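Undergrad: Sequences listed follow chains A and B, in order. Using my numbering, the first residue of the first sequence is number 1, and each one after it goes up by one. Using my numbering, the first residue of the second sequence is number 1, and each one after it goes up by one.
FYI, nobody ran anything at the bench for these hints, they're computed from the structure. It should be emphasised that the depicted structure is a prediction, and the values quoted were computed from it without experimental measurement. Just so you know, not all the hints are guaranteed correct.
A pair counts as met if it fits within one copy or between any two copies, since identical chains are not told apart.
[To be verified] Result set (DSS-like, lysine-lysine): computed pairs, CA atoms no more than 30 angstroms apart in a straight line:
no.: 1; residue 1: K39; residue 2: K73
no.: 2; residue 1: K20; residue 2: K4
no.: 3; residue 1: K73; residue 2: K123
Protein chains: 2
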Amino acid sequence: MKNKHILIVDDHSLFRTGMKMILTQVGEAAGISEADSIKEAFDFCESGVDVILLDIHMPGLNGIDGIKPIREKFAKVPIIVLSASSEMADMRKAKELGAAGFMNKASQAEEMVSSITRVLDGKTCFPDDLKTVDGEASRESLAGSLTPRQIEVLIYLCEGMSNKLIARELEMSENTVRVHVSAILSTLGAANRSEAILIAQREGITS
Amino acid sequence: MKNKHILIVDDHSLFRTGMKMILTQVGEAAGISEADSIKEAFDFCESGVDVILLDIHMPGLNGIDGIKPIREKFAKVPIIVLSASSEMADMRKAKELGAAGFMNKASQAEEMVSSITRVLDGKTCFPDDLKTVDGEASRESLAGSLTPRQIEVLIYLCEGMSNKLIARELEMSENTVRVHVSAILSTLGAANRSEAILIAQREGITS
DNA sequence: CTGTCTGTAGCACAAATAGACTAGAGCCAA
DNA sequence: TTGGCTCTAGTCTATTTGTGCTACAGACAG
Numbered sequence: 001m002k003n004k005h006i007l008i009v010d011d012h013s014l015f016r017t018g019m020k021m022i023l024t025q026v027g028e029a030a031g032i033s034e035a036d037s038i039k040e041a042f043d044f045c046e047s048g049v050d051v052i053l054l055d056i057h058m059p060g061l062n063g064i065d066g067i068k069p070i071r072e073k074f075a076k077v078p079i080i081v082l083s084a085s086s087e088m089a090d091m092r093k094a095k096e097l098g099a100a101g102f103m104n105k106a107s108q109a110e111e112m113v114s115s116i117t118r119v120l121d122g123k124t125c126f127p128d129d130l131k132t133v134d135g136e137a138s139r140e141s142l143a144g145s146l147t148p149r150q151i152e153v154l155i156y157l158c159e160g161m162s163n164k165l166i167a168r169e170l171e172m173s174e175n176t177v178r179v180h181v182s183a184i185l186s187t188l189g190a191a192n193r194s195e196a197i198l199i200a201q202r203e204g205i206t207s
Numbered sequence: 001m002k003n004k005h006i007l008i009v010d011d012h013s014l015f016r017t018g019m020k021m022i023l024t025q026v027g028e029a030a031g032i033s034e035a036d037s038i039k040e041a042f043d044f045c046e047s048g049v050d051v052i053l054l055d056i057h058m059p060g061l062n063g064i065d066g067i068k069p070i071r072e073k074f075a076k077v078p079i080i081v082l083s084a085s086s087e088m089a090d091m092r093k094a095k096e097l098g099a100a101g102f103m104n105k106a107s108q109a110e111e112m113v114s115s116i117t118r119v120l121d122g123k124t125c126f127p128d129d130l131k132t133v134d135g136e137a138s139r140e141s142l143a144g145s146l147t148p149r150q151i152e153v154l155i156y157l158c159e160g161m162s163n164k165l166i167a168r169e170l171e172m173s174e175n176t177v178r179v180h181v182s183a184i185l186s187t188l189g190a191a192n193r194s195e196a197i198l199i200a201q202r203e204g205i206t207s
């Protein structure tokens, strides 16, 4: 775990602190960064990290929907999904979307460290129960049919921001934001941005 | 906080670790114990603690269900309820059951420490919305400052409906809907209807 | 190499939204 | 009865939003 940079993405600062403690004590990681949202996580990814610990339940855009855009933009960085509830559905979804591992927040510290080590070694790490991703294939999530950039826009959209503000935030023109928003509305089947927020939330974003 | 014994009850070991870190760094507490269930918490109570930090969501006996028995057996020990979700219902329930405080797990460390200090001083500590006592008056924070008609409009607003649709639904002119929506935005401190939806959801106004 | 997809951005137009006004009708408490 | 509040409805702007186009560059697959 030496010379590795770890990014912890969780909206609970105390969890981040606890995680950081464990890692500094045991792992001698080169660096540990903390982000409290997908949005912020992107910024850290830009400056380079070796593994991401991503909480699955966060306000705004769900962690599970954050996997895809991160994977596509920073393909080399493995993601370990964290969850408080060991729901099979969450695990399977995380695996399908390209996560490298899945950890329950209630796990023992040693267990977590070994999982992270495994993933840093290029392996994957899922609970035993998850043997196969069998034919059922679970219905495609709506977020899955959005492009990475659209999801980024959706993140800000879901915070109630105007097109102008989103444009400033993502450093693109307002026109471009509109194109993305239009595409999002069409994909989600929403009549307006308010409905888009509600649909995004219903599809697992605030649950 | 000196000479005080703090008990952390949470099934997530990392959260306990993070909490413990914060407390040892800042608080010079005399002792910090960790329990991962209500059952175990009882054992620690026997040997005497000064305040209990109790997670509301735990496997087995729920935290919220654990408040009452602990209060009855160890009436002197104040309980601060911890939750990942700042649900108004949870807060209210915790208060009714005799908790001395309520903290969101996503709070900043300083905020948590000051909450604990308050409670150790014999005070209570609930989020502002709930601070005004009187049971039913507590809910009246934001929703109470809206007129009945405004709340009706807000309900449809929160379904993502346009002014035109709301007007049709409530059988009033679109102009009137606008007046109500304007008043709602102003009262809630929202910049636009999307923000109004988010605020209304957070405050539990429409639930 | 040739499409296709994605992200970017522009233009134009219609619709929706937000804010600042005025103003009347009805209700209720001081 | 008066004053205040709510609900209603209107006008008038200014801004935002949503849609339909075109266009180009980069990535990627066939």
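Undergrad: So which of those numbered hints doesn't the model satisfy?
TA: none
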